[in-house]
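J.: As a plain string of letters, each chain reads:
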Amino acid sequence: MCRGWGLRVRIWLLAGLLLGLVLPARAGLDVEVVVSQRGGVHAAFAQAFSRAAAALGHRVLDAGTPAEGLDDVALARADLIVASGDAALSAALRLNPRPTLAAMIGQARFDALRMAHPDRPLSAFTLDQPAERQFRMLKAVLPDARRAGVLLGPERGDRVDLERAAAASGLDLFVRVIGDEAELIRGLEAVLRDSDSLIAVPDAMLSSPSAARSILLTSYRFQKPIVAFSRAYVDAGALAAIFTTPEQVAADLIAWLRLQKDESVQLPPPRGPASFDIAVNRQVARALGLSVADDAELLRLIATGDQP
Amino acid sequence: MSVRRLFRFAVLGPGALAASFAMPGALAADAFFDDIPIVLTASRMAQSPVDAPVAVTIIDREMIEGSGFTEIHDLMRLVPGFVVADWTEGSPAVANNGLTDAFDRRIKVMIDGRTVNSPLWGNTNWHELPIRVDDLERVEVVRGPNGAAYGVNAFQGVINLITRSPSTESGSRVISRLGKGGFYDHGFRVNGSADGAIDWRLSGSHRRAVNFRPYRNEEGDLYPRETIARSVLNLSATAQLSTRDELGLMLGFSEGSSERGIPGSLVEPEREDDSRSNFLHLTWRRSFAADSELSLQYFHQGERLRAAWLETEEPSAVIAWNRNSDVRRDDLEIQYSGRLSPTWRFMVGAGVRQESARAPYMFNTGESLGGTSSQLFGSVVWAPMEKLKVDLGGTLEDHHFGGSLFSPRLALNYALTPESALRFSTGVSYRTPSLVEAKAEEAIYIDGRLIDVGLVTDGVVAPERVRHVELGYGAEFRELGLSLDVRAFQKAFERYIDDDRCYHRSGEQPPCPDRPQFSNVPDGTKSFLFQSGGSFRITGGEVRADWHRAGWGRVVLSQAVIDVDAGRDIVDKDFKEGAPSSITSLLLIKELPDRWRASLGFYRHSVMKWLSDGDTVPEKGRFDLKLARSFGAPGSGDEVAIVAQSLGGRYVDFSEGRYRHEPRLFASLNLSW
Numbered sequence: 001m002c003r004g005w006g007l008r009v010r011i012w013l014l015a016g017l018l019l020g021l022v023l024p025a026r027a028g029l030d031v032e033v034v035v036s037q038r039g040g041v042h043a044a045f046a047q048a049f050s051r052a053a054a055a056l057g058h059r060v061l062d063a064g065t066p067a068e069g070l071d072d073v074a075l076a077r078a079d080l081i082v083a084s085g086d087a088a089l090s091a092a093l094r095l096n097p098r099p100t101l102a103a104m105i106g107q108a109r110f111d112a113l114r115m116a117h118p119d120r121p122l123s124a125f126t127l128d129q130p131a132e133r134q135f136r137m138l139k140a141v142l143p144d145a146r147r148a149g150v151l152l153g154p155e156r157g158d159r160v161d162l163e164r165a166a167a168a169s170g171l172d173l174f175v176r177v178i179g180d181e182a183e184l185i186r187g188l189e190a191v192l193r194d195s196d197s198l199i200a201v202p203d204a205m206l207s208s209p210s211a212a213r214s215i216l217l218t219s220y221r222f223q224k225p226i227v228a229f230s231r232a233y234v235d236a237g238a239l240a241a242i243f244t245t246p247e248q249v250a251a252d253l254i255a256w257l258r259l260q261k262d263e264s265v266q267l268p269p270p271r272g273p274a275s276f277d278i279a280v281n282r283q284v285a286r287a288l289g290l291s292v293a294d295d296a297e298l299l300r301l302i303a304t305g306d307q308p
Numbered sequence: 001m002s003v004r005r006l007f008r009f010a011v012l013g014p015g016a017l018a019a020s021f022a023m024p025g026a027l028a029a030d031a032f033f034d035d036i037p038i039v040l041t042a043s044r045m046a047q048s049p050v051d052a053p054v055a056v057t058i059i060d061r062e063m064i065e066g067s068g069f070t071e072i073h074d075l076m077r078l079v080p081g082f083v084v085a086d087w088t089e090g091s092p093a094v095a096n097n098g099l100t101d102a103f104d105r106r107i108k109v110m111i112d113g114r115t116v117n118s119p120l121w122g123n124t125n126w127h128e129l130p131i132r133v134d135d136l137e138r139v140e141v142v143r144g145p146n147g148a149a150y151g152v153n154a155f156q157g158v159i160n161l162i163t164r165s166p167s168t169e170s171g172s173r174v175i176s177r178l179g180k181g182g183f184y185d186h187g188f189r190v191n192g193s194a195d196g197a198i199d200w201r202l203s204g205s206h207r208r209a210v211n212f213r214p215y216r217n218e219e220g221d222l223y224p225r226e227t228i229a230r231s232v233l234n235l236s237a238t239a240q241l242s243t244r245d246e247l248g249l250m251l252g253f254s255e256g257s258s259e260r261g262i263p264g265s266l267v268e269p270e271r272e273d274d275s276r277s278n279f280l281h282l283t284w285r286r287s288f289a290a291d292s293e294l295s296l297q298y299f300h301q302g303e304r305l306r307a308a309w310l311e312t313e314e315p316s317a318v319i320a321w322n323r324n325s326d327v328r329r330d331d332l333e334i335q336y337s338g339r340l341s342p343t344w345r346f347m348v349g350a351g352v353r354q355e356s357a358r359a360p361y362m363f364n365t366g367e368s369l370g371g372t373s374s375q376l377f378g379s380v381v382w383a384p385m386e387k388l389k390v391d392l393g394g395t396l397e398d399h400h401f402g403g404s405l406f407s408p409r410l411a412l413n414y415a416l417t418p419e420s421a422l423r424f425s426t427g428v429s430y431r432t433p434s435l436v437e438a439k440a441e442e443a444i445y446i447d448g449r450l451i452d453v454g455l456v457t458d459g460v461v462a463p464e465r466v467r468h469v470e471l472g473y474g475a476e477f478r479e480l481g482l483s484l485d486v487r488a489f490q491k492a493f494e495r496y497i498d499d500d501r502c503y504h505r506s507g508e509q510p511p512c513p514d515r516p517q518f519s520n521v522p523d524g525t526k527s528f529l530f531q532s533g534g535s536f537r538i539t540g541g542e543v544r545a546d547w548h549r550a551g552w553g554r555v556v557l558s559q560a561v562i563d564v565d566a567g568r569d570i571v572d573k574d575f576k577e578g579a580p581s582s583i584t585s586l587l588l589i590k591e592l593p594d595r596w597r598a599s600l601g602f603y604r605h606s607v608m609k610w611l612s613d614g615d616t617v618p619e620k621g622r623f624d625l626k627l628a629r630s631f632g633a634p635g636s637g638d639e640v641a642i643v644a645q646s647l648g649g650r651y652v653d654f655s656e657g658r659y660r661h662e663p664r665l666f667a668s669l670n671l672s673w
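From first to last, the protein sequence lines are chains A and B.
Following the working numbering, the numbering of the first sequence begins with 1 at its first residue and continues without gaps.
Following the working numbering, the numbering of the second sequence begins with 1 at its first residue and continues without gaps.
Bound-form chain A, shown alone:
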C-alpha cells in the first residue's frame, strides 16, 4: 500500500510538472515537496496537495524524503518548500534557507523547530485543533458535561487558552500537569475523579501507545468518556475525536496558495487547521450509556457553537 501511495504521488508530481510545461503562459511558483515518508498520511497529503497545486499552474516537484536524501539543488531554487511532517521539516531546515511551509505537524514540535531556526522564513499549518473547537465538540457529544479534565504532559500546551475556551463553552476545567510517565496514573485518577469527561491532548509523552492504553483503560474504569484528537484514538476506545485529515490539510494549504502571487510567496503566520472532521465510537457510547447525536448534527453544533 505504501508503495502504491508513493507511486501515485510521483505520478501526480510528474503530471504537475508536465502541466507546468504545457502552460507556459502562466509562470507559477516552483514548489518543492518534501515528505517524511513515502507512504501513509504524508503520501496522502502530498498527493492531494500536488494535484491541486498543479491545477493552479504551479510547478510542483518531488524533492525527496529524509531517508532517500533531498534534492538540494532543486530546493535551493524553490519559491516555496512544503515539508510534510516533522522529519521532512527537520531535513529541509538543514539546507539553504528558502520560504518553507510545514504541514502535517503538531504545534509543539513546530515551535521547537522554529526556535532552533529563528532566522528561517518558516511557517506552518499545524494539526492542533483550536481549543474552542475541542470544547465545542465535547459539549456537542456530551451536552450534560459540566467539568472537563485535561492532563498535560511536559509540553504543557497553552493552559490559558484551554481555560478561556472551556469557559466559553460553559465548562469548568480541571487541569493536571505531569512531568513523566511514572506520574501518569495518579495524575489521571486525580483528573478523572473531578471531571465528567477527559480532553486528550496530543502531547508526545501522553500519546505513546502505552500511555494511551493506560489513559483509555483508566478512563473506562472511571466510566468517563474521552474526547481526543485522532481517528486512531476513537478506534482504540475514545468516545469521540475531532481532527484534520491529510486531504483537509492540503485543502487548507491550497486555499492559502490561491491568494499568492505567481512570482513570490508571503508566508502566513503559523495557523491551525481550518477544516476538520469528526469520529464517534458508537460502541463506547453505548457501553457508557450515552446517546450521542449523529455526525451531521455534531458538525453543525461545532460550527455554530450551539448547544443541544
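To be clear, the hints were calculated from the coordinates, so they are not data collected in a lab.
Just so you know, not all the hints are guaranteed correct.
[To be verified] To spell it out: a stretch of chain B is covered by chain A in this simulated footprint if at least three of its residues, at any positions, have a beta carbon under 8 Å from a beta carbon of chain A; those stretches are:
(1) 47-55
(2) 160-170
(3) 286-292
[Unchecked claim] Stretches of chain A that chain B covers, calculated by requiring three or more beta carbons in the stretch to come under 8 Å of a beta carbon on chain B:
(4) 208-216
(5) 273-287
The beta-carbon is built from N, C-alpha and C at its ideal position, and this holds for glycine as well.
Starting from the structure of chain A, add chain B where the hints point.
T.: Here is chain B on its own, set in the frame of chain A:
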C-alpha cells in the same frame, strides 16, 4: 478448527509477536496519525444492560467498596435473585434462585474469562480463589442459563470476576483490616512503573476469620466451628507488543488451613484441613477493531486438599480416614469476533479442556479420573433495523463422560428509545454431571474391609437440562441517574441431579447399586445415591433499580420473587421449598461532608431450604454498615473505615438447626504511596 491447526497457530502467533516486540521503533509516535492499541473492544467493555441479549448485573468498584464485603462470594448478595450461604464443612455456596446444596455446581464462575469451578464437584471453592475483592475491577453476572455463550455448565448463571488491569494502577498500596474475634486481613499491592514495557502488579494477602463458633441448639446438641486462614499471592502482567497485540500473564497461589470440628467431640473431633490452589493463565489478544478481535488463552488450575477425617459408624466405631484430593484442569481456547457487514456481527470459538482428579475417598480408587472435552461455540447478531437485534448462538460440547450436547439460544433486543430496550430470549442449556456425580463410590474401610458407602452413583447419570425463556426491560435514564432492569422468566428443569437415600439389600426403595465390593456392607445400610431427581419449573420476576447522584450518593435496590412448581417425579420433597419466594437486597451509599461516606447494606430472603447437607433457613434480614473517610490525593483510594457485618449479631446460615454465622466488626486502612 482442528486441534493440530490450533497448536500451529499457538506456536506461530507468539513468534510473530516476539518479532514485533523487538522493534520498538514500530511504536514511534506521531500523535495525530499513529495507531493506538485498540483497547476498548467488545470483550473488554461491560455491555450496557440496554444492549445485552440476556439479564446481566454488573457490580462495579463503587458497589464493591461501598458494600464493605471482604469475601468475593458475599458480593453475590447484591445480584437480584441470588442467595449466599456458608457452612462449616467447606466452601460457601452461591445460588441463583436457590435449589442448591453446599456444592454450588450450577453456576459457572470465571476470573477474566478463566473457569475456576472445581473439576471434582463442579462447584466453586470461594475461599480458595487466588484473588481478593481488592483485585476486582467489576463483576458481571449473567442471571440465568447461558450455555450458548459460555458452554455446558453455565446452567443457573455465569459470574465473571474481572480484575483490575495493571496498566490502570501505579505505586504501592497496603490494605489492612483488623477486627473483633481474631479477624484480620492484611494485603499489599505493588505495581510496576507505568513507563516500563510491561505493566505488572503483584498482590498478596493473609487473612484469618472465625466464621462459625461451636453452636449448641435448643436440644443441647453441639455443632461444629470453622476458622479459616488463607494466604494469597497473585501476579498479573500485560505487555502491549504492538498496537494490535497484547500478551497477558496471570499466575496465582492460595494456601491455607481450616480449623473445623466440634471441641471435645469423639464423633466430629477438631481437625485442621489444609488446602492449596494455583493457576497460570496466558492470553494473547489481537485487536483488529473495536468489534473485531482474535484471542487465544491457555490456563492451568490445580487444587490440593489434605483433610484428615473421622467417620463414626454404629454402634461406636470411629474410623480414621481422609478426604484428600488432587485435581487439575488444563484448558486451551481460541475465539474470533468480527463484523461481516454493518448489520451482521459474529463470534466463533473452539476449546479443548483436560480435567483429572485423584480422590481415593470419593472414587474408591487411587487412580486419577478424568478426560478431555472439547467445544465449539458461536453466535451471530443480525440488526435488520436500527432498533432490532437478533442474536442467535449455540455451543456444541463433546464432554468426556456427558457425551455430545448442543445448547442453542435465541435473543431479541428491541430498542424502545435510545435509553431503553425490551429483550426476549429463549434457549436450552445443559449441565453435565460433575466427576463426583458421575463416578462417586465413597467407600469406608475398616481393616481393609469395605463396610460402608457414602455417596454413590448408579451407572450413567444423565445431564441436567433447562429450557428457559425470559422477557426483560432495561433502561438507563442518564439525566435522572437511574438505571432499571426488570424481567420475568420461566425455567423448566429436567433430570435435576440430587443425592438421595438408597438402601443396601433390604428391599427398601430405592435400592443402592449392588456391587461385589459392597458385599461386606450390612444389609439395610443407608447410602446416598446420585440420580435424576425429577423435574420442576421456576417462574419469577426481578427488578433492579440503581440510582446515582454525584455528591449525594447511590441507591441500588433489587427484588426478586420466585415460585417453584415441582413435578410429580420429584424425589426430594425439599425441592418444593428449595427456593425463597422473595429475595431483597439494598445498598445505600451516602456521601457526607469532609470526605466521609456511609453505606448500608440490607440482604434478606424469605424462608427456604438448602438441599442435602443444608436445611431450613428462616426469613431474616442482615444489615451491614460501613463508615469511611477518604484522605490523600483525590482518586488515590486512600481510606480509613469501620465495617460492621450483620449488625443483628450471629445469624442462621445454611441450616437453622446447625449453623450460626459469626458477625464481623473491623476497622480498615487503605493506604497508597
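J.: The region 286-292 of chain B covered by chain A? Criterion: 3 or more residues, Cβ-Cβ distance below 8 Å.
T.: Our answer is that it holds, as 3 residues pass the Cβ test (under 8 Å) against chain A, meeting three.
J.: Can you take a look at whether the region 47-55 of chain B is actually covered by chain A? Rule is 3+ residues, C-beta closer than 8 Å.
T.: holds (count 4)
J.: In terms of beta carbon proximity below 8 Å, does the region 208-216 of chain A have 3 or more residues touching chain B?
T.: holds (count 8)
J.: With a cut-off of 8 Å between beta carbons, are at least three residues of the region 160-170 of chain B near chain A?
T.: holds (count 6)
J.: Has the region 273-287 of chain A got at least three residues whose CB is nearer than 8 Å to a CB belonging to chain B?
T.: holds (count 5)
The structure shown violates none of the earlier numbered hints.
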